[in-house]
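Protein chains: 2
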Amino acid sequence: MAEEKLHGAIEAMKSSGVRITPQRHAILEHLIQSMAHPTADEIYKSLEGKFPNMSVATVYNNLRVFKEIGLVKELTYGDSSSRFDCVTTDHYHIICDECGKIVDFHYPGLDEVETLAEQVTGFKVGDHRMEIYGSCPECQKNKH
Amino acid sequence: MAEEKLHGAIEAMKSSGVRITPQRHAILEHLIQSMAHPTADEIYKSLEGKFPNMSVATVYNNLRVFKEIGLVKELTYGDSSSRFDCVTTDHYHIICDECGKIVDFHYPGLDEVETLAEQVTGFKVGDHRMEIYGSCPECQKNKH
DNA sequence: TCTTACATTATAATGTTTATAATTAGTGTA
DNA sequence: TACACTAATTATAAACATTATAATGTAAGA
Chain X
1 MAEEKLHGAI EAMKSSGVRI TPQRHAILEH LIQSMAHPTA DEIYKSLEGK
51 FPNMSVATVY NNLRVFKEIG LVKELTYGDS SSRFDCVTTD HYHIICDECG
101 KIVDFHYPGL DEVETLAEQV TGFKVGDHRM EIYGSCPECQ KNKH
Chain S
145 MAEEKLHGAI EAMKSSGVRI TPQRHAILEH LIQSMAHPTA DEIYKSLEGK
195 FPNMSVATVY NNLRVFKEIG LVKELTYGDS SSRFDCVTTD HYHIICDECG
245 KIVDFHYPGL DEVETLAEQV TGFKVGDHRM EIYGSCPECQ KNKH
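Protein chains in written order, with the numbering used here: chain X, 1 to 144; chain S, 145 to 288.
Hints listed in this document are in silico derivations from the structure and should not be mistaken for laboratory results. Watch out, some of these pointers could steer you wrong.
Stated by the list, open to error - To be clear about the criterion: a stretch of chain S counts as covered by chain X if any three or more of its residues have a C-beta under 8 Å from a C-beta of chain X, and this derived list gives those stretches: (1) 153–164; (2) 210–222; (3) 237–248.
Said to hold, decoys possible - DSBU-like mimics (lysine-lysine), calculated; alpha carbons at most 35 Å apart, straight line: (4) S/Lys268 to X/Lys5; (5) X/Lys73 to X/Lys50; (6) X/Lys124 to S/Lys285; (7) S/Lys149 to X/Lys124; (8) X/Lys73 to X/Lys124; (9) S/Lys268 to X/Lys101; (10) X/Lys141 to S/Lys268; (11) S/Lys189 to X/Lys124; (12) X/Lys101 to S/Lys245; (13) S/Lys268 to X/Lys14; (14) X/Lys45 to S/Lys211; (15) S/Lys158 to X/Lys73; (16) S/Lys268 to X/Lys73; (17) X/Lys124 to S/Lys245; (18) S/Lys217 to X/Lys124; (19) S/Lys211 to X/Lys73; (20) X/Lys124 to S/Lys211; (21) X/Lys67 to S/Lys245; (22) X/Lys67 to S/Lys217; (23) X/Lys45 to S/Lys217; (24) S/Lys268 to X/Lys67; (25) S/Lys189 to X/Lys73.
Backbone N, C-alpha and C define an ideal beta-carbon position, used for all residues, glycine too.
Sequences and hints are given; from them, build the entire structure.
Structural data, given as structure tokens:
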């Protein structure tokens, strides 16, 4: 499964015309295998063994590249440093008020809301649902 | 309305034993009156006129104090600096799977999700809903 | 293999946020 | 109202994450 994910990520890089370097491979591999959501510095430190000469800038540069092609999501909580997470297949729905069309909308990060809800209410949270409502591009056009 | 909000905030400070200083008053007033979600530096700059000697540290310190007593929420997007927002009365619901109890759950910040949804799907977003599901404190106790 | 454009490295710079120590000022009490 | 006590403010420096720069190295197609 991790293998497949890595393979898919590499394919995504190829088709985006992004070069596959050993450093990029290692960063992606680390992101996929680690269950945690590491900071840039944690990634840097964990790859020090394999790449003693790797620069911190390389980690940051590549995380930006991965974000741009949609492989990685940056999570900003209150702490000092951002955390990075592979994009999962979790998704929500966005629904057109006018024609009822339902479109998948991928968004990785409402765990934060669950955590806060637990703290504030004392509930043990199991799940949540969210829907977004609006007007789809086609229905917007038809108004004119 | 802004008056009331400010008054309420000051009451909250009093009952938390937090001293009311001119700087704190001004920072709160600015947060309540401004429609935007200012950064610490923006607050600092906009109060330069009234308080030529105010230190940036004062702004940060007081924003932390306000956060601690629940008056202010820190919003961390991808940018370099945090933004700060008065806690609004917007709320969601958290629902107990077992007894059906519904508890208000205040959370200021899903605008970010709406914005991203617009960008990704091309929809014009009007609204969203979210519910959180779990087990309330009482029902958790009753299991033991 | 060769070439070229892109990636990496090392370093310095930027910018936000926090820590420190000395001064100042709220707030309860006499 | 004046006093005393404690907390808040200021000015400064430091810490920290992140980005920019320029030189060097390397992936990948011709």
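Results for each hint:
no.: 1; hint: 153–164; verdict: violated (count 0)
no.: 2; hint: 210–222; verdict: holds (count 4)
no.: 3; hint: 237–248; verdict: holds (count 4)
no.: 4; hint: S/Lys268 to X/Lys5; verdict: holds, 32 Å
no.: 5; hint: X/Lys73 to X/Lys50; verdict: holds, 24 Å
no.: 6; hint: X/Lys124 to S/Lys285; verdict: holds, 11 Å
no.: 7; hint: S/Lys149 to X/Lys124; verdict: holds, 32 Å
no.: 8; hint: X/Lys73 to X/Lys124; verdict: holds, 27 Å
no.: 9; hint: S/Lys268 to X/Lys101; verdict: holds, 13 Å
no.: 10; hint: X/Lys141 to S/Lys268; verdict: holds, 11 Å
no.: 11; hint: S/Lys189 to X/Lys124; verdict: violated, 43 Å
no.: 12; hint: X/Lys101 to S/Lys245; verdict: holds, 32 Å
no.: 13; hint: S/Lys268 to X/Lys14; verdict: holds, 33 Å
no.: 14; hint: X/Lys45 to S/Lys211; verdict: holds, 33 Å
no.: 15; hint: S/Lys158 to X/Lys73; verdict: violated, 41 Å
no.: 16; hint: S/Lys268 to X/Lys73; verdict: holds, 23 Å
no.: 17; hint: X/Lys124 to S/Lys245; verdict: holds, 13 Å
no.: 18; hint: S/Lys217 to X/Lys124; verdict: holds, 23 Å
no.: 19; hint: S/Lys211 to X/Lys73; verdict: holds, 27 Å
no.: 20; hint: X/Lys124 to S/Lys211; verdict: holds, 24 Å
no.: 21; hint: X/Lys67 to S/Lys245; verdict: violated, 40 Å
no.: 22; hint: X/Lys67 to S/Lys217; verdict: holds, 27 Å
no.: 23; hint: X/Lys45 to S/Lys217; verdict: holds, 32 Å
no.: 24; hint: S/Lys268 to X/Lys67; verdict: holds, 24 Å
no.: 25; hint: S/Lys189 to X/Lys73; verdict: holds, 32 Å
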